[in-house]
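Number of protein chains: 2
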Amino acid sequence: MLIPVVLSGGAGTRLWPVSREGHPKTFMRLADGSSLLQKTYARALACNDVSEVLTITNRDYYFHSKNVWHSQTSAGSTPRFLLEPFGRNTAPALLLGALKIRARHGDDAVMLVLPADHLIENLEHFIADVQAAAQLASQGYLVTFGIQPTHPESGFGYIRASEKIPSSEGYRVGGFIEKPSAEKAESFIRAGGHYWNSGMFCFTVQALLEAFSRHAPQLLAQGEACWEASVRKRTDAHCDIDEATFSQIEDISIDYAIMEKGENVIVLPARFDWSDIGSWHALSQLVAPDEHGNRSIGEVINIDSSNCFIQSEDRLVATIGLDDMVIVDTPDALLVSRRDQTQKVREVVKQLKQRDHATYKLHRTVSRPWGTYTVLEDSGRYKIKRIEVKPGASLSLQLHYHRSEHWIVVCGMARVVNGDKEMLVNTNESTYIPAGHRHRLENPGVVELVMIEVQSGDYLGEDDIVRFQDNYGRT
Amino acid sequence: MLIPVVLSGGAGTRLWPVSREGHPKTFMRLADGSSLLQKTYARALACNDVSEVLTITNRDYYFHSKNVWHSQTSAGSTPRFLLEPFGRNTAPALLLGALKIRARHGDDAVMLVLPADHLIENLEHFIADVQAAAQLASQGYLVTFGIQPTHPESGFGYIRASEKIPSSEGYRVGGFIEKPSAEKAESFIRAGGHYWNSGMFCFTVQALLEAFSRHAPQLLAQGEACWEASVRKRTDAHCDIDEATFSQIEDISIDYAIMEKGENVIVLPARFDWSDIGSWHALSQLVAPDEHGNRSIGEVINIDSSNCFIQSEDRLVATIGLDDMVIVDTPDALLVSRRDQTQKVREVVKQLKQRDHATYKLHRTVSRPWGTYTVLEDSGRYKIKRIEVKPGASLSLQLHYHRSEHWIVVCGMARVVNGDKEMLVNTNESTYIPAGHRHRLENPGVVELVMIEVQSGDYLGEDDIVRFQDNYGRT
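First to last, the protein sequences are chains Y and F. For the first sequence, this note's numbering begins at 1 and goes up steadily by one. For the second sequence, this note's numbering begins at 1 and goes up steadily by one.
Quick caveat, the hints were computed from the structure, so don't treat them as lab data. Fair warning: there could be bad hints in the mix.
[Said to hold, decoys possible] Here are a few chain F residues that face chain Y, going by a calculated C-beta distance under 10 Å: (1) Asn58; (2) Leu335; (3) Val336.
[What the hints assert, rightly or not] Chain F is faced by these chain Y residues, among others (derived, beta-carbon under 10 Å): (4) Glu153; (5) Leu316; (6) Val317.
[What the hints assert, rightly or not] Covered by chain F, according to a simulated footprint, are these stretches of chain Y (three or more residues, beta-carbon under 8 Å): (7) 219-231; (8) 246-255; (9) 351-361; (10) 375-387; (11) 406-416; (12) 428-439.
Each residue gets a CB set at the ideal place from its N, CA and C atoms; glycine is no exception.
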């Protein structure tokens, strides 16, 4: 039994302004319309013998991740979620993942670890490589997937292959090398037998736990304590990791804690095409260039510009005389960068975080379990939102002390609780919710409900909300 | 008597995306918060003996121009407007201006021609120069203001000075030179006695009309016919130029038609500082640079960028590693250009015009006689506007066949006619206007009225409007 374990945690600060704290890069829609998480699920489900996929992610991303899962056909496969209260690196995450899988499937289950921020082409090769890895894993090996370097990249870690494992494509690992200098990376390529460390792994639950027991026994004990504390909180669909005990576990990567120390670690050279979606420069390569080398998403006019990447959601972008530039446009923030310096976006994000700037955390459009809301205008005295509610979904029964709300249905049908009344509000009808009234909005129909909300009051913060009842456990 | 004649016609296509067909550069707000037209009015009113200012502009800009006039103290001075149905160059405009001024003030009135797209510093020198020019004009001269070149600019016309006019600062004109080559411009600076042609003039009505009679008699006859046809349409406040006869007048500049041919044309070297706000590069010079040479308006984060100009209305702009770039951000269009190529914005505008693109014509915020409206969202099925109505102002009594409107007052008080009812709608109250209902919105109060309008219907074009009564002559 093969269980893909999808690691979907990272914020992806280098992909701001599209990626934000509340909308990490795993949810970003790429040029082809699908997200990295969607692609990872599709990849996981394409492998043989997969009846269950475990996603390890932050608990804030649970509903959004579940929506991504359900947006595709998953033919008989069950999604399970292990939810972190905060990021704590890969060793604690995979240890808890192994304990969760053992509880249901025993020691022999094979874990296939898939970071959700990779792009993999050539699915047939991927499936074949995974099958080869699973066979080696079943023999007790800890398998890493090594990527044949295409250039002397100094931003990745490398794995050195030593002797071949008989009757397999794998090699014993001769060493892990942290991000090397450009010269060293160059020498690896000349020498051959050095691979990029993809962060993808394959091992049995037993092999992983034994390695923890041998090389990181304290971490194992901490992880087991955390698991014990967490199981009390689990439902069938998802398991919330216990915050107090989780914070006790060492914050360390699986490479450092286990892989670099294990005797039975092997590297399997991958035959699939792999890329790490780590920067705007990398992302831009996914869009086909025009005859001047410009790659555009959205409405763009280029005058004498070349080799630029331009992404715009809904505004016209005109460029004049640019070369080798990246322009990324969103409704509330714009990035203009030289193409070879896009990694410095992290510096921008750092400054925004320090200022507690709105564009650090959320987009104008925010995902909620029931759908989305988009802030169209926020003047301080009034706020206008477009609220989209999925068929059958419902917001919580709630109350605001400081604001009244005017609701106008512009698409679909709403069922509204307003004080002690309950009514249906049709397209082109409206209702008024005075401050202090309990109210609830629901989409009873089979098409999406779109509503315009005009809030009016002295205080319009999102925290002026009292929830009485909620379908998503948020009271 | 000195009558400033403000020429405020040009679209300013090189200043897109802020300047647009419906919002020409004369109305653009500069870094100091005031517009070029405002500055021109202030300049005109600062001169001695000014009791009236004539603005020649497109009729579409009448209400906006009048609002600009009334936004400042104009101490006893009367605004008058001559409204063109379309642009027809400076000779027809100034000829009709002269005929209009003669009709009220006679032949001896002195016209001071001020294009509204200039920036002039050092007001004392300006006033003194205007006084000197007016004296020369009263002696029958056609006075041009010459600007001492600061660099060999090949984008301007030049005026060559010949012999000095006794007991004055003026010189007879030795010749007009069209935009010269860079080498020729260089040689003018070395030789001295060559001035930029500012497009500012000073002459009496009589001197101008005599010059027309001598050098362009046909044009004079056409202009007089147009004036005769136009006076039937004039009110005290403004005069609409007759379209049919106006289109018959030759489309030619005052320089070509008169100045280059006149014997009594003189150039007065200006002592004030002058700049032509013709490009983003020129505009950027009005903003003080930081220690890296970056000039910013709005919220900007620069990482390793230098010598850039960044203007943003309401979004955060982050730049990385840029040098010598211009970024101009508006709610629906973005310009990113090399600083030395901003004149190519015209090429962008040309393409937009060909496509009949929304960003060629209007901004999201549109000026109306009664205030402004801003499109916050236009989905096709519904449209959301913020409508701001000035105290005492009123929209027309109107009707739409295809859309209903929900009105929510978020600031101030509205008087609403809705079918056969009339009511007051207070802040945080709403009303509903069904399709087919006559309705009118008015601000009876003394503070601005802000209203959110949600339109719903099969067709939401601005042309679905039947006007029954309008305070601004638009029925």
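So, going through the hints one by one against the coordinates:
1. Asn58: Violated, because the Cβ-Cβ distance from F/Asn58 to chain Y comes to roughly 25 Å (cut-off 10 Å).
2. Leu335: holds (5 Å)
3. Val336: holds (5 Å)
4. Glu153: Status violated, d = 20 Å.
5. Leu316: Hint holds; Y/Leu316 Cβ to chain F Cβ min 4 Å, cut 10 Å.
6. Val317: holds (5 Å)
7. 219-231: It is violated: at least three residues are needed, and the segment 219-231 of chain Y offers just 0 whose Cβ sits closer than 8 Å to chain F.
8. 246-255: Coverage by chain F is violated for the segment 246-255 of chain Y (0 residues, Cβ < 8 Å).
9. 351-361: It holds: at least three residues are needed, and the segment 351-361 of chain Y offers 4 whose Cβ sits within less than 8 Å of chain F.
10. 375-387: holds (count 7)
11. 406-416: Coverage by chain F holds here, the residue count being 4 at a Cβ distance below 8 Å.
12. 428-439: Holds: 3 residues of the segment 428-439 of chain Y have a Cβ under 8 Å from chain F.
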